[in-house]
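K.L.:
Chains as they are written, first to last, in the working numbering: chain A, 1 to 318; chain B, 1001 to 1101.
Source of the hints: derived by calculation from the structure; they are not laboratory data.
Keep in mind it's a predicted model, so treat the numbers as computed, not measured.
A virtual CB, placed ideally from N, CA and C, is assigned to each residue, including glycine.
Each hint should be verified, as a subset may be incorrect.
Claimed, not checked - Pulled a few chain A residues facing chain B out of the computed Cβ check, cut under 10 Å:
| hint | residue |
| --- | --- |
| 1 | 258 |
| 2 | 262 |
| 3 | 263 |
| 4 | 269 |
| 5 | 270 |
| 6 | 281 |
| 7 | 283 |
Stated by the list, open to error - Sample of chain B residues lacking proximity to chain A, with all beta carbon distances greater than 12 Å (derived):
| hint | residue |
| --- | --- |
| 8 | 1064 |
| 9 | 1070 |
| 10 | 1074 |
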Amino acid sequence: MNGEAAPPGFGARFLAFPDLFPARRAGESWGDRRLAFDLPGGPYLAAGLSAAQAAAAEERFGELCRPPRAGDGDGVETRLFAVAPSDFLAVDTRGWEYALDFDYAPAAVRIAGIRLMARIDWARSLSAALWTSEDGGAAGDLFPGIFENFLRVVVAYRLLEAGGLVVHSAGVVDAGAAYLFLGRSGAGKTTLSRMSERAGRTVLSDDLNALLPDAAGGLRVEKLPFTGDVGERRKAAPPFPLALLLRLEKGAENSLQPLSKAGAAAQLLACAPFVNRDTHRRELVEATAAELAGAARAGVLAVSLCGGVWDTLRGGTP
Amino acid sequence: MSAHEITGPGIDSTTRLRRQSDIRFRVVDGEAVVVRQGAAEVLVLNETASRLLELADGTSPLSALAAALQAEFEVAPEVLAADVVAGAGELVAAGLLEVVG
């Protein structure tokens, strides 16, 4: 590892030696396995995996994961490297909400977490690297979660390059179009997802969904395998046109009100994880949120506990 | 009512205000999307508040801001002057503007 000046506190919760954070995409590979992941903005190519890591990734991502093939060359390249367990601190996560540490720089983003160090670099194009001590083979091994956390961030930055955002939201398909429900934790995204699923609708994810511009000037929603409690991680889905972008609120009764373009942009900005705190890309993030909001139909959906949300959505046009 | 007789919470029409250093804003369809970076908070301001935020340069008193806005809003001057002071007070209370003098 090469030394690189760390900001005060960066990685201190997770890393034994924050000052020795890798300065470039280099190190000892876990193995020679390579995989491609068909996620929005991809493919995402991962190289340097061990056999156990590859098996764990295949188990986690199912049909979204495959061997690389000709034509994947324009994908986002990521490399995995091995580091010693002693490079990481033991973390007591009881009663603690896990959040990665970020260090944003003009040409790179550094990330530290539980048994992970990662960086995203912009040279000719976006590329990424992950250093971990987890080989994916042992029972209780943290590799699947570590790799997914890493991918979440990489995809968020890749979509930003493509004019889109990863949006903290519940994504539900109804009549061939996707509704994105945005809201703070506790606003009811998972509850609404469960209700929708029970009523026969497809839930893309109750946690993170991809929102992208389409060629016709509209917006499309693409499924991400990053779910909370509801949503299928392992199966692919086609893109869906965006029906409505909805700020979700709790209410005494169901209601649907219009949301201004600025209100929609603010919601998207607040719900764009990882990139919305990047001080070096905030102009791009804000412009992207405004652009997407300008193309979206948006509303404020108040939801009661009495059901009937979809009747409300079909009955009123914001 | 003269401009000097109009007062808000700790400010009046002679007060000069500027944007807090940790805010960023962008006008979308007439309304401002404001990011308070220190608080990691995003707000939306209506059209009048958005214009106040744009005009608050730290050098012009609120009376000058009201005069500038007079051409944009069909409101009686004394009403607009009062609204500007009240609105500026709200923006100060929200941590978006700070008093220069």
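K.L.:
Quick check: which numbered hints come out false for this structure?
P.N.:
1 and 6
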